[in-house]
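Residue numbers (the working numbering), protein chains in the order written: chain A, -1 to 702; chain B, 1244 to 1496; chain C, 230 to 440.
Calculated directly from the structure, the hints in this document are not laboratory data. Using N, Cα and C, we set each Cβ at its ideal position, and we do this for glycine too. One should not assume that every hint holds.
[What the hints assert, rightly or not] Part of the chain B face toward chain C, derived, beta carbon under 7 Å:
hint	residue
1	Pro1272
2	Asp1273
3	Asn1314
4	Gly1351
5	Asp1385
6	Ala1388
7	Pro1390
8	Phe1457
9	Gly1473
10	Asn1483
[Stated by the list, open to error] The list that follows gives simulated cross-link-like pairs (lysine to any residue, SDA-like), each with its CA atoms no further than 25 Å apart:
hint	chain 1	residue 1	chain 2	residue 2
11	B	Lys1492	C	Leu400
12	C	Lys266	C	Gln345
13	C	Lys312	B	Thr1342
14	C	Lys312	B	Ala1261
15	C	Lys410	C	Ala289
16	C	Lys312	B	Glu1440
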Amino acid sequence: MATPILERLGLRGRSARGQEHKHTTVEKDGAMATQTIEEAPASSAGEGRLWIDGSELRDTKAPAGPIEGKWAKRQFEAKLVNPANRRKLTVIIVGTGLAGGAAAASLGEAGYNVLNFCYQDSPRRAHSIAAQGGINAAKNYRNDNDSTYRLFYDTVKGGDYRARETNVYRLAEVSASIIDQCVAQGVPFAREYGGLLDNRSFGGVQVQRTFYARGQTGQQLLIGAYQSLERQVAAGTVKMYARHEMLELIVVDGRARGIVARDMVTGEIESHLADAVVLATGGYGNVFFLSTNAMGCNVTAGWRAHRKGAYFGNPCYTQIHPTCIPVHGETQSKLTLMSESLRNDGRIWVPKRAEDCDKDPRQIPEEDRDYYLERIYPAFGNLVPRDIASRQAKNMCDEGRGVGPAVAEPQPDGTVKQVRRGVYLDFADVIKRIGKDAVSAKYGNLFDMYAQITAEDPYEVPMRIYPAVHYTMGGVWVDYDLMTTVTGLYATGECNFSDHGANRLGASALMQGLADGYFVLPNTINDYLADGPFPKLTPEHPEVVAAVNSTKERINKLLSVNGSRTVDSFHKELGHIMWEYCGMERTEAGLTKALGLIRELRDEFWRDVKVTGENEEFNQTLERAGRVADFFELGELMCIDALHRRESCGGHFRAESQTPDGEALRHDDEFLYVAAWEYNGANPVLHKEPLEYEYIELKQRSYK
Amino acid sequence: MNITLRVWRQANANAQGAMQTYQLADVSPDMSFLEMLDLLNEKLTVEGIEPVAFDHDCREGICGMCGVVINGSAHGRGSSPVPTTTCQLHMRSFADGATIDIEPWRAGGFPVIKDLVVDRTAFDRIIQAGGYISVNTGAAQDANATPVPKVDADRAFDAATCIGCGACVAACPNGSAMLFTSAKITHLAMLPQGQPERWSRVKSMVAQHDAEGFGGCTNIGECAAVCPKGIPLDTISQLNRDLMHALFKPDGK
Amino acid sequence: MAITGLIMVGFLLMHMYGNLKVFLGAEAFDHYAHWLKGDILYPLIPSGWFIWIFRFVMLAAIVLHIYSAAVLTGRAHRARGTKYVTSKPLQQTYAARTMRWGGVILAGFLVFHLLQFTAQVIKTGWNSGAGPYEMFVVSFEQWWLVLAYALWMVTVCMHVRHGFWSAFATLGANTSATTRKWWNIIAWAVAVILYVGFMIAPVAVLIGGVR
């Protein structure tokens, strides 16, 4: 099986290969579950190779020349579409968050026909809305040596040198325009008494370049994009399909030409056809079940595209945020983030002895407390980067010194153990130093939020925090134009892999989503659309019919299993496997074990899942079942990616690759590349895109 | 905790609905209200009963997707000590052995889709009628070119925190969406960028509000009382002021 | 709704002021009543026209007020056709909740009131040709009529209590939580003044203070 695929590798001739691929996928789809599972044990146990090495991959779109001029050059060289011709071209955009909503509005303004899809009841609900902290932009309004170049540098370094220089530079370059655009739309950013915009520092960088709107920056930016989007809906350039979920990509003659979507109210399986398709469907953190993502966030759109030929970049890069409200019990459905700024004044500790863990923290004397971050990292103390703070909290709880309610956790040996997952974030010192009122002025809203969720008063009792999955740096592989390896298919925002390397800096996700949506995609997609309109398609076209039928078969299969376990029980178990073995610390043994567990569980899912109701109705169980089915396949790929990357970098910590004192150790000699995975059942094909740093010098991080 | 739930079940928009009673054991006081419903649905699924449909997404009180009437008040505000969304209401707000009534938003502008899920697309259409500033991407001047006095920016922000959940409509005895509409009017009317379209905006948004079948405002104040984001009632007066002013302006619909 | 309502509140205040002339004796009261129907604004308008212009304005206000209320009620019924099985209001005052039925009740009693004192079709104890003062005193020497008017004035003042604040809110005067508090205080004050001002004379008649 390996040889013919190897022969077909490489970027050239992609469309021909895409087509062949598609046939196999369509054939496989109905019996997909059983087929891939049959293959799985053989590859992991037998040959010892879980993946196939493919050809090298390169971005061919970024022009040559100095980095400062690349974007302008690309904008000039890209083919244009005459305004009169734009209305003859249709673009499908899946997702209405910052990336999708901004792109739909901008392309609508440009005059294209846009079909915009979201699974929520309104485009305003996309999960970009939940971002709290702020948005970075190289405005240098503070006169503190900030510049495009510094934002570019910080982002690459923050990403632990695993991001593509050209994309990141462009991100920094357009960042200032984002703020202009948002202010013009009426986004009420924080202002000073002089009426000008306020800034704060964020995420450990040394300049003040973060614009914010109280603790609701994401909400305000999204509402701005949403308003622009609704303006285009009113103008008739954008047609909105809310409560529609993309379930399949339609590829015809090697080009992405549409999607299959399910109307979530009527259950109708519809094909929607266009000249290009844009995925702006966010991250896949919900593969862990518990994350700070919204309940509906899923990987289905990206994964369906991956199965149709879009490579998936760096799936194992996951950001785990250290300051979230801990799990309260087995029925927990999601986790809530608390702003990272709390670590500026709070001191993190756990009891020195496990037997103190259920005591009232105020009764534990100073000498019995372990301020472990201050102890291990005397230089940075509680302000170490996110990944380090997270990993140490996990270590403390693994040692049995966690605090808060004990939650049952299945152990590797099959037993169940009660583990407390939480550490204290104590404000007693700062309250003593500056007073309760001053603390309240700084963190009042966060304290209130904490009190509402936990019913504990953080002014009196230390907060309990624990890390939670927050963002996925990995995603669909794209080139400089944001086009995936499927011609005519684009990916923007968190859905793509492009800008954050192995770790994302605070306040950069909003920046990337809006940069892609407002300024990048609308200036690159024209290069492709200039060749259109492509031959007219009808819903009767065999490829369209095949995509619709494979979607229907899959739904029928889910509905016909009629087993005994609920969808959520599978999702929770998958999440637990992922969290345990592909979470904050990964080992070869753990990941190998996880792969076996996932495959067993996926097999059980397709044998024993219970999906109630029918397709032709509003059926939330069916929606979730489809998403979980794709999470199983993604989870496998994440483990394979994490297994193959035998280095620690950013959010990916491999226990085998650490310095003598337990810090992450990169191996630039071996792993200075993007891992772009091509779908191939249980044995994905690895394409390496080498990362070449012309402008930034590679360094190893240290925080001691 | 053991609780008794009386939940509105309605198979689809055209079906007749009714309250159904379910017993639920092992409810933890730390659960959010929606996690309690998850627990109910897991139990129902295992028993072969179709689970209760309810809208929800972010579960951190910001997306505005969730919302049911709990014991007669929107988002269970009557049971919560602080303004809340349904997802941020916790079971500790209820006593062991309590009976909890759960109903969908009921309003002419919000037809029921299934069980506790309603169609709120009318809100999107009200925004489409003018709840925006017409600026094309790329056409913006420098962000600091126009200063905005802090008080205006803050007032705009207070109104802009609306999450579009629809609790105001659900609570209003008139089924009016004035608080929602006026929040957007106020947000944009307070900012210099919103001035050029200010008068046409208020006319067309109010016209769309009425066309959607929402009732009129009689200043009762239930809307602001249940609003999870504390949108103040005086935004409605702002809308009225702007509307009266707009009647003497030639522009707009 | 707001403007017509405020016109009527203005009328009520004037009416109340006029009623208090009862305490100045029969002559003053009757003269006042006569003046109303006589030469106000004369010679700008012919003698006796004022009262008809005034009646027309009041009638128009009432009709428009009821029309607006009917439209609003109709919209509210369409917008909230289905009722909640359980309902727990958090904010609404009793006055706000009873605006509609209260309005119908007080309009009904208004018809009685006009038939009684204006058209003089319903004679409560007096004979044809009685002067305004006599009608007033004879009527309110009957305890049940005082009671009926006391109850009617409760519905009127409750209506004014919500209506007065609501009218100003509709006209855009509710600019902050503080002004809202003040408008509600003023609305209460107007309602209480109207109640006391209107009821003090009939009660005085009943207990023998005015003969």
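Here is how each hint holds up against the structure:
1. About 22 Å separates the beta-carbon of B:Pro1272 from the nearest beta-carbon of chain C, more than 7 Å, and the hint is not met.
2. The interface hint given for B:Asp1273 is violated, since its Cβ lies 25 Å from the closest Cβ of chain C, which is over the 7 Å cut-off.
3. A distance limit of 7 Å between C-beta atoms decides the matter here; for B:Asn1314 the minimum to chain C is near 6 Å, and the interface restraint holds.
4. At about 4 Å, the closest approach between the beta carbon of B:Gly1351 and any beta carbon in chain C falls short of 7 Å, and the interface hint on this residue holds.
5. Residue-level restraint check for B:Asp1385 is violated (minimum Cβ-Cβ distance to chain C is 32 Å; threshold 7 Å).
6. Annotation: interface hint on B:Ala1388 violated; nearest CB of chain C at approximately 29 Å, more than 7 Å.
7. A hinted interface residue such as B:Pro1390 counts as satisfied when its beta carbon comes closer than 7 Å to some beta carbon of chain C; here the least separation is about 23 Å, so the hint is violated.
8. The beta carbon of B:Phe1457 is positioned within 7 Å of a beta carbon in chain C (closest approach about 5 Å), and the interface hint is therefore held.
9. A cut of 7 Å between beta carbons decides the hint on B:Gly1473: the least distance to chain C is about 10 Å, and the hint is violated.
10. Restraint check, B:Asn1483 versus chain C: the minimum CB separation of about 4 Å is within 7 Å; hint holds.
11. For the proposed pair B:Lys1492 and C:Leu400, the alpha carbon gap of about 17 Å is at most 25 Å, so the pair holds.
12. Between C:Lys266 and C:Gln345 the CA atoms are separated by roughly 17 Å; this keeps the pair inside 25 Å, and the hint holds.
13. For the hint linking C:Lys312 to B:Thr1342, the alpha-carbon distance of about 20 Å falls within 25 Å, and the restraint holds.
14. At roughly 12 Å between alpha-carbon atoms, C:Lys312 and B:Ala1261 fall within 25 Å of each other, so this suggested pair holds.
15. The straight-line distance between the Cα atoms of C:Lys410 and C:Ala289 is roughly 31 Å, outside the 25 Å bound, and the hint therefore fails.
16. Among the hinted pairs, C:Lys312 with B:Glu1440 is inconsistent with the structure: their alpha-carbon atoms are about 38 Å apart, more than 25 Å.
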